[in-house]
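For the record, the sequence lines run as chains A and B. Numbering-wise, this note's numbering puts 339 at position 331 of the first sequence, and it's gapless, one number per residue. Numbering-wise, this note's numbering puts 820 at position 42 of the second sequence, and it's gapless, one number per residue.
Please note that the accuracy of each hint is not assured.
What the hints assert, rightly or not - Straight-line C-alpha distance at most 25 Å; calculated BS3-like pairs for lysine-lysine:
| # | chain 1 | residue 1 | chain 2 | residue 2 |
| --- | --- | --- | --- | --- |
| 1 | A | Lys-480 | B | Lys-943 |
| 2 | B | Lys-1073 | A | Lys-88 |
| 3 | A | Lys-86 | B | Lys-1073 |
| 4 | A | Lys-36 | A | Lys-256 |
Stated by the list, open to error - Anything over 10 Å on all C-beta distances counts as not near chain B; from chain A, calculated:
| # | residue |
| --- | --- |
| 5 | Pro-81 |
| 6 | Lys-85 |
| 7 | Leu-98 |
| 8 | Ile-110 |
| 9 | His-264 |
| 10 | Lys-387 |
Unchecked claim - To spell it out: a stretch of chain B is covered by chain A in this simulated footprint if at least three of its residues, at any positions, have a beta carbon under 8 Å from a beta carbon of chain A; those stretches are:
| # | region |
| --- | --- |
| 11 | 788 to 801 |
| 12 | 999 to 1006 |
| 13 | 1062 to 1073 |
Hints in this document: simulated from the structure, not taken from any laboratory. Quick caveat, the model's predicted, so the values are computed rather than measured. Virtual Cβ for every residue (Gly too), placed ideally from N, Cα, C.
Below, each chain spelled out in residue letters.
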Amino acid sequence: MATDLRISNISKIYPGCIANDNVSLQFKSGKIYALLGENGAGKSTLVKILSGVISPDNGEVFLNEKNLKLSSPLDAKKNKIGMVFQHFNLFETLSVFENLSIDATEDNKSLRVRINEILKKYNFSIDLDVPVLNLSAGQKQKVEIIRCLLRSPKVLIMDEPTSVLTEQETEELFISLKKFCDEGILIIYITHKLKEVLSLCDEVAVMRKGKVVSVSQTQNEKVETLANKMVGQKLGKIKKKIKISKNKDEIFKVKHLNFYSDDPFETNLFNLNFSVKKGECLGIAGISGNGQNELFQILSGEIITPNTSIIFRNKEIAKLNPKQRREYLMAFSPEDRISQAAVPELKIYENVALNNFKSSNFFEKGLVNERKIKEHSKKILSDFSVNTDNVELKSQFLSGGNLQKLILGRELITAPELLICYNPTWGLDVGAINYIHETLIKINDQEKSTILISTDTEELLKLSDRITVIYKGKLSKIMPSDEVTPEKLGILMGGGSID
Amino acid sequence: MSLDISFIGILIGSIMASSVPLILAASGELITERSGVLNLGVEGMMIIGAISGFALMVITDNLFIAIIVSMLSGVIISLIFGFLTQSLLTNHVATGLALTIFGIGLSAMLGRDFVGIPGKDFPILFSSLRESIPFFGPILFGHSIVLYFAFALPFLTNYFLKKTKLGLVVRAVGDSPASASNQGINVIMVRYCCILYGGGMCGLAGAYLSLIYTPQWIENMTAGRGWIALALVVFATWSPIKVLIGAIIFGGISILQLHMQAVGFRIPVQFLIALPYLMTIIVLVVISRDSRKIKLNTPTSLGRIFYKEK
Chain A
9 MATDLRISNI SKIYPGCIAN DNVSLQFKSG KIYALLGENG AGKSTLVKIL SGVISPDNGE
69 VFLNEKNLKL SSPLDAKKNK IGMVFQHFNL FETLSVFENL SIDATEDNKS LRVRINEILK
129 KYNFSIDLDV PVLNLSAGQK QKVEIIRCLL RSPKVLIMDE PTSVLTEQET EELFISLKKF
189 CDEGILIIYI THKLKEVLSL CDEVAVMRKG KVVSVSQTQN EKVETLANKM VGQKLGKIKK
249 KIKISKNKDE IFKVKHLNFY SDDPFETNLF NLNFSVKKGE CLGIAGISGN GQNELFQILS
309 GEIITPNTSI IFRNKEIAKL NPKQRREYLM AFSPEDRISQ AAVPELKIYE NVALNNFKSS
369 NFFEKGLVNE RKIKEHSKKI LSDFSVNTDN VELKSQFLSG GNLQKLILGR ELITAPELLI
429 CYNPTWGLDV GAINYIHETL IKINDQEKST ILISTDTEEL LKLSDRITVI YKGKLSKIMP
489 SDEVTPEKLG ILMGGGSID
Chain B
779 MSLDISFIGI LIGSIMASSV PLILAASGEL ITERSGVLNL GVEGMMIIGA ISGFALMVIT
839 DNLFIAIIVS MLSGVIISLI FGFLTQSLLT NHVATGLALT IFGIGLSAML GRDFVGIPGK
899 DFPILFSSLR ESIPFFGPIL FGHSIVLYFA FALPFLTNYF LKKTKLGLVV RAVGDSPASA
959 SNQGINVIMV RYCCILYGGG MCGLAGAYLS LIYTPQWIEN MTAGRGWIAL ALVVFATWSP
1019 IKVLIGAIIF GGISILQLHM QAVGFRIPVQ FLIALPYLMT IIVLVVISRD SRKIKLNTPT
1079 SLGRIFYKEK
């Protein structure tokens, strides 16, 4: 039976922000619909309303012309609307089967039979009795999808599903989604990745600042037209000139980096050796959870490993803590902006003061020199085009993009010789990503070096001079990035071999 | 001191009796914590259970009513905690501490007229078997029904958490309340239930002290057992069976060190008094070394305030 989902005049207003402004859309089964927009465009609010997590201030949802009352996730489930969230809604410490059985109405035995049928039908291979925390992101997503399929949904909503997947996993996902679509499930696909829209979806609705700005057939669209609709302005294209500089000095050299942990949440690292030349960007690709966290913490000095040699500007720094490493002109931008890079409850200038200890005279005789810090902070805010000049603002009120600019600014204003960053553009919108990419290229142009650990292949190919892949705590060989293709990276990131 | 076999039997029996309040309170708190709620009010709930049970025994002269009322009063006082933390979203730690202080004060006030009144003998089961079988008699028989219940409780709790649907829901809520809520589970309701259950078990633990173990009312008679129960839950890494082991070790060494003091071992008394705490921690740390298992048992959201998106 055909499904027809209609959203009529939905509005949702939060204090200081209109998340959805009179949104009306119509979807019919047999097609895959894209909902495209930058962060904060209101896509997630809309799908949360559709899945009953939040209720709209205004407007109605109709499924096959029946007016739905979606006041809880249960209502969405009853009405056969399935939802796979961007941040997985799984219980990490429970087994896969327990996760799936929690809202099942049948007994465990017949549930297991049904799950196995789904696994077989769609060619998923997942061990049902391991705890979810042992699964890869792609497998976790499959568990979420199975959970939806168990309720034979009419509508399946996928919220930014590929942000944690490899190229291969993404392809697999697309094949499954097309299969679901053929079986009559209406699919709504939320993303800010333009290429995915073009390769997967039949129709695309673009949202900007809470409003639907365009609805069109994807066959009439191109990457550029969609990007401009999404951002509302023309974007410059960034392409770095790759430098392979054989005779440049190695400024940073890591030897025999090993790391062992019995914590099941941590990944061991096995004999990593690599070096970075002056003015070069070394990209480290990989799916998250393959040891990037541990590697970053070791490079920044949060974890000290025995028998490792790290040479930086001809000095052995393997035993130094992060503060000492900073004094040798290293800088760090961790993945988690909120909990690792900045203290959200502190004001902007207080966050700036956190890591400039020695050179900047922020502290005199143990006292805080507020005037100096504030001046310095103002300079960062203007130099790095952070969207505020109020240094008294608490950092938690900055958007992700602005916070990242502030952090990069704080790190770069000391003119470091080496910047190590981990997923610097994670979760940011196109405008902010562009700015940060430009900044990172500028650093290399000034003969400073960068190590870019990232899960975003496109970003790595754009910015790196040489690329290596981390998989289960081991590095692949280091390749010049003009010899690397997304496909090659995808194979290496999935544990394959390209030779 | 004669270390004959029947003496050891009696000793083990008394160790079992002394660990009962710890097992009850810790098993109750374990369920509360598995749902992600940290209730530091265990001591307060226990002492309220102790005074209300004793008072009702004196007033009605009926032990059954006394036991039921002690559990109910534990439930009621934990309801205050539940309302504050789940409905008004107050901080778990501060609210729990306040609950303990409140409970101790309230019990002292309510208990003024009950000091010095002698308790009543609590009926014991299989008392004839206790006398007739050497060694095993005093261990297995001649206890109150509450003791048998307490020793079954960790196994029931384990079964509940691992094998039942409801137990799965409790664990899920403790793991990720946001996910649970998005799956349509009423997180606040589940947590209320777990808090009230914990309160009921703490009330029963208090009643065991004032009605069975030392049948009388003394101000502040729980004497820190609530805190020990709380510590047991953490050191046992939220595993009911390890709670049982920890409670027995603690009760055992508490009794043994009394005997050692009486016999006059040349060990400083202060050390002997500290011994139960020390040994319990050491043993539980040693048996809980598997960091993988700890991760799987630890309620990830413990002590965090959950509020629903609107």
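Quick rundown of the hints versus the structure:
Between A:Lys-480 and B:Lys-943 the CA atoms are separated by roughly 35 Å; this puts the pair beyond 25 Å, and the hint is violated. For the proposed pair B:Lys-1073 and A:Lys-88, the alpha carbon gap of about 34 Å is over 25 Å, so the pair is violated. Pair hint A:Lys-86 plus B:Lys-1073 does not hold up; C-alpha atoms about 34 Å apart against a cutoff of 25 Å. For the hint linking A:Lys-36 to A:Lys-256, the alpha-carbon distance of about 59 Å lies beyond 25 Å, and the restraint is violated.
Separation of A:Pro-81 from chain B is inadequate, the least Cβ-Cβ distance of about 5 Å not exceeding the 10 Å criterion. At roughly 6 Å from the closest C-beta of chain B, the C-beta of A:Lys-85 falls inside 10 Å, breaking its exclusion from the interface. With a least CB separation of 6 Å from chain B, A:Leu-98 falls inside the 10 Å interface cut-off, contrary to its annotation. Remark: the non-interface label on A:Ile-110 conflicts with the geometry, its nearest Cβ contact in chain B lying 5 Å away (cut-off 10 Å).
Under the 10 Å C-beta cut-off, the non-interface status given to A:His-264 relative to chain B holds; the minimum distance is some 26 Å. In this structure A:Lys-387 is separated from chain B by more than 10 Å, as the shortest Cβ-Cβ distance comes to about 38 Å. Using a Cβ-Cβ cut-off of 8 Å, 0 residues of the region 788 to 801 of chain B lie near chain A, which falls short of the minimum of three, so the contact claim is violated. For the region 999 to 1006 of chain B, the stated coverage by chain A is not satisfied: 0 residues place a CB nearer than 8 Å to a CB of that chain, which falls below the threshold of 3.
Restraint check on the region 1062 to 1073 of chain B versus chain A: 3 residues with Cβ-Cβ distances below 8 Å, three needed, restraint holds.
Hint violations for this structure: numbers 1, 2, 3, 4, 5, 6, 7, 8, 11, 12, all remaining hints satisfied.
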